[in-house]
Amino acid sequence: MNRKDLGLLILILVVGTIVAIRQPLFIAPVNLANTANLIGLFGLFAIGQAFVIITGGIELSVGSIIALLGVLFVTMVVVSEVYWPFAIILMLVLGALIGLVHGLLVTKGGLQPFVVTLCGLLIYRGIARYYTGDGTAGFTFGVSFPDLEWLTMGRTAGIPHSFIAMIIVAAIMWVVLHRSVFGRHLYAVGKNEEAARYSGIRTHRVIITAYVICAVLTAIAAIFFAMYTKSISPSSHGNFYELYAIAAAVLGGCSLRGGEGSIIGVVLGTILLQVLQNLVNLLGIPSSLNFAVMGSVILIGAIADQQFTKRRELKRIASTAG
Amino acid sequence: MDKPFLELVDITKVYPGVTALDGVNLAVRPGEVVGLIGENGAGKSSLMKVLGGVTTPTSGHIRVDGAERASLSVSAAIAAGIAFVHQELNLFENLDVAANVFIGREPRRGGLLNLVDRRKLNADVKPLLDRLQVDFRPDTMVADMSIAQRQQLEIAKALSLNSRLVIMDEPTSSLTLTETERLLDIIAGLKADGVSVIFISHRLGEVQTCADRVVVLRDGKVVGELARNEIAHDRMIRLMIGRDLKSLYVPPSGPPGEGVIDIVDAQTQAYPDRRVSLTLRRGEILGLAGLVGSGRTELARAVFGIDRLGGGRIRVDGKETAVRTPAEAIANGVYLVPEDRKQSGLLLDFAIVDNISLPDLGSYARGSIISRGREKANAESQRKRLNIRTPDVTTAVGSLSGGNQQKVVLAKWLSMKPRVMIFDEPTRGIDVGAKKEIYDMMRALADSGVAVLMISSDMEEVIGVSDRIAVMHEGAIGGFLDRKDFSEHNVLHLAVGGTAHWNEPQSASLQSRAGA
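Protein sequences appear in the order of chains A and B. Residue numbering for the first sequence follows the working numbering, beginning at 1 and increasing consecutively. Residue numbering for the second sequence follows the working numbering, beginning at 1 and increasing consecutively.
These are calculated hints, taken from the structure and not from any lab test. As the structure is a computational prediction, the values presented were derived from the model and not from experiment. Watch out, some of these pointers could steer you wrong.
To be verified - Derived Cβ-Cβ restraints for the label pairs, each shown as a range: (1) B:318 - A:122: 49 to 59 Å; (2) A:299 - B:343: 29 to 39 Å; (3) B:324 - A:122: 29 to 39 Å; (4) B:225 - A:115: 56 to 66 Å.
The C-beta atom is built at its ideal place from N, Cα and C for all residues, glycine as well.
Only chain A is shown next, with the shape it has when bound in the complex (with noise of 0.2 Å):
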């Protein structure tokens, strides 16, 4: 654990703990449970915005594909009664396909990730609406899962499944991030993309690989998502989603410019936002206010991140000049 991770962790203790004396309903099971379900939602898709924030791109199209997916997987499964475990698998694959495209319009087509990704936001989001008419798709009372239903939001030892499920995630991400040859290429291809090149890594490849794990765990998400709301209006389902997540990825150390972040900043990141939101519930404070929170608490964490940097920067020259 480095320096930022271990900074953030100390920061949603403490909020905790404030939050804890105040109301202590913050720490009662059950609010720890349905804290521990959202942190596990936002942390499948965090995670996968990570990936693609470290070569120095973005995705802004998640809560998109979280409508999508989330509609089709639902009539899927309720109107045309395809298995489950089918259609589960067709979503990854459409993911997957998702980051494809926009990996090759990003490394091939030479586009701007956000431009992309901004197309992909109206394109998914319309599509979706287009595919229910503008309705609501969802379980017909009556008709129920109890395999997928447990799967997806039962609980083992009182822990959610998608909690474990993100804790599953994060571990193998862990491992391809900080420890495999794909995590190190990546951080080369995001550092300096030139001086990655010239040391022979296709560096398009490498990319193309960070948007299709990013579909894909926005997919994996967007099934659990579906599985939580059990009914989806395409029109809100998912909205500014992406942006928890860009802010989750920041939060958690990744640089906007690529090459830095780590998936346990990612997932403290995801944390500390849904204790934000959680507080804000908890603490009587206008749930109007809810963004505006948000928003000062990640300003501050940059602006102070960055006066850290530019102290040890400082310190660095003295020790080398001295």
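Fit chain B to the given chain A structure using the hints.
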């Protein structure tokens, strides 16, 4: 003749370990065209930096209109009427001609609104363009203009500043023949208006055409001046060369082996209509000499798969091989130590160990999970082998000295199985001690059967280290030199576009050229 308005007196500039300028005197009179020539690294750029106010000389002074000062600042240089037309043009491509000419000095209107007075701007720029008789307008976008037009724009900008001296650094290097003639006309026009020009060029023929006087730099000193009637091609060359070259040469352990890589009729991006053919042989250090911009780096980039070849073929071990990416070149055992090691050679924020293992991570990994232990063990052994001076291989490369950074680049490739090593300016910005170590390493590589190609603009290095020299001139090989024919004169002669005829005695060859 008029009195000089600008004089440099005894200018010396010392960088740690190098004396870039050594007691240089230079005077410029109104309406005079001074040709400034010298080899790569003779001190031309340093001198221009002093004139532009970018660097402060270590000693000496500068006299502008009789007023003496120790150095110029950038704004003082502009106020003194000194303007630059750079090799890399400093223009805003996203703006139009008029905006570029008056950037930062736009005529204003509208009071507090602080609007750009576009009408006045265009009206002010028009006469400048008319004076130069250019074929573009104040509202032409720079992005749509050719190199020659952009250069004319830079000159217009200089005129708008009421410049009295325009310094042109290799202005014709990317111009066509007619564009060059046009530029020489413009220079004549400037001269007629009383504007002075310092014309820096390797193209001696152009210097001969336009200069009133030629100043020759060598090793940071003015080694000669030629008046108008003395300017001749061979006199200039003779003044440019003649350094005492220290002998660095370590002979190879045996004669060169068979060719590893054949470059056949390669066309690079810099010179799409020129063709290069070269063979790199086992056990040989082939020096690739030539002037800056002669297409050597572009050739290296193409062989290494960074740029696509415009035409021609590359054969590895006699088999034609497509090299589309560096990964493919590396798979063939062809490695490049690039010119710009900070940008292309290294990840400065990464640790030494991470840089060394980067191109070959697979061999440190089991099931694609990297073994930190193996990585470190290799980095440690490379550190000892190459004598990389650092307390720890987990140190960030950015904090090392230039020489040690270059050794990390070497370590990266030496950890693998090199068959062809291309070095692009391997010792640029590196201290003498580390230079020697790098030369020794190159020789050791060659002796172990690697084919070495060394691109270098440092004459001492080219002559002192190579077993054979190929000289590039404007995108093609001007000629090859065997060790017995190595001399500064011969390299330079080929580099400026001369033809090879070494069997004649040198004086005879010079006379035959002078007569031609």
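Hints and how they fare:
1. Between residue 318 (chain B) and residue 122 (chain A) the beta carbon distance is about 55 Å. The supplied range of 49 to 59 Å therefore holds.
2. Here the CB-CB span from residue 299 (chain A) to residue 343 (chain B) is close to 33 Å, well matched to the stated 29 to 39 Å.
3. Distance hint check: the CB atoms of residue 324 (chain B) and residue 122 (chain A) are about 35 Å apart, consistent with the given range 29 to 39 Å.
4. The beta-carbon spacing between residue 225 (chain B) and residue 115 (chain A), approximately 58 Å, falls within the hinted interval of 56 to 66 Å.
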